[in-house]
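Asks: Chains A and B are the protein sequences, given in the same order.
The numbering of the first sequence is numbering that gives the first Met the number 0, which starts it at 0 and goes up by one.
The numbering of the second sequence is numbering that gives the first Met the number 0, which starts it at 0 and goes up by one.
Where hints are given, some of them may not hold.
[What the hints assert, rightly or not] Derived list of chain B stretches under chain A, where covered just means 3 residues or more per stretch with a C-beta under 8 Å from a C-beta of chain A:
| id | segment |
| --- | --- |
| 1 | 17 to 23 |
| 2 | 26 to 38 |
| 3 | 63 to 75 |
[Stated by the list, open to error] Cβ-Cβ distance ranges computed for the label pairs, FRET-style:
| id | chain 1 | residue 1 | chain 2 | residue 2 | range |
| --- | --- | --- | --- | --- | --- |
| 4 | B | Asp98 | A | Glu92 | 45 to 55 Å |
| 5 | A | Trp152 | B | Arg148 | 39 to 49 Å |
| 6 | B | Asp114 | A | Trp102 | 43 to 53 Å |
| 7 | B | Ala101 | A | Arg131 | 24 to 34 Å |
The set of hints was computed from the structure by calculation and includes no laboratory data.
Just so you know, even glycine gets a beta-carbon here, dropped at the ideal spot from N, CA and C.
Protein chains: 2
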Amino acid sequence: MTGLPEPRTRAQRLADTLARLQEFTADAWVATASARGGEPYLVPLTLAWLRDRIVLASDGPTRTMTNLAATGTARLSLGTTRDVVMIDAELEESFPVTDAPAWVADGYAGATDWDPRETGNTYVYLVLRPTRIQAWREVNEIPDRTLMRNGTWLS
Amino acid sequence: MTGLPEPRTRAQRLADTLARLQEFTADAWVATASARGGEPYLVPLTLAWLRDRIVLASDGPTRTMTNLAATGTARLSLGTTRDVVMIDAELEESFPVTDAPAWVADGYAGATDWDPRETGNTYVYLVLRPTRIQAWREVNEIPDRTLMRNGTWLS
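Excised from the complex, chain A in its bound form (with noise of 0.2 Å):
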């Protein structure tokens, strides 16, 4: 436990939290279960960060659409093992891609590095609602890691 970096103010961690949400081409680790037998799925996806929601776009069907349409939950992390954002959401609406509004498409296109209405109209956009963000780094970091709680923003 020695030598590590001073925890970083919670001000500091959200807008550290906020910045990796919105980079571009922001990859998240999505796990998602099977409704029985909790088998769980965990992939890959890039992530959009509109209005307050993750936008993930997936080829479908999928095991993560599926699981998503079945339980409504997903735990997403980004960042590294030791600069850890941890995500937990609820599937609140999904698009297919040929019928999308455009804050959902061309917010996508815009926030990442590819755009899914070029590839294929078996896309499905997958917009999720964040319940509770985790923040930290290290050990010493575990306290006070909660940023959202409940969908809402602590002060």
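Go by the hints and put chain B onto chain A.
Replies: Leaving out everything else, chain B in the frame of chain A:
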């Protein structure tokens, strides 16, 4: 899809994957799920690759341990979202830190930057047997990404 490096050969992916597993302080994202309701859980944990097994240490009782005890199944990723090693694994054995065989306890301490035995008596080693290992970087490496299937390395 332009500008991607040539996909690696299977032999190169295998070598890269083993090197990653054997890295000092290799960290994995470990996804598990509740047996009922499919609630996903995801945490970063330091991994040791010993005797072709993944050994983790968790400060019990954790949700990862509870989920693994109930479902027996985890999915782990190493590396980055654009240089992925993805592992499906089954819980084979678990040992309290106070009563673990030397190959696990000494092996874990030697392969990582910490020794759970020095941290507290509540840690548990989790020994996972990989059943499937996949490795890919970009989309052009999706074909041939499976290096192990049903617990057997593919040749």
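Asks: Hint by hint, which ones does the structure fall short of?
Replies: As far as the earlier hints go, 1, 7 are violated by this structure, in ascending order.
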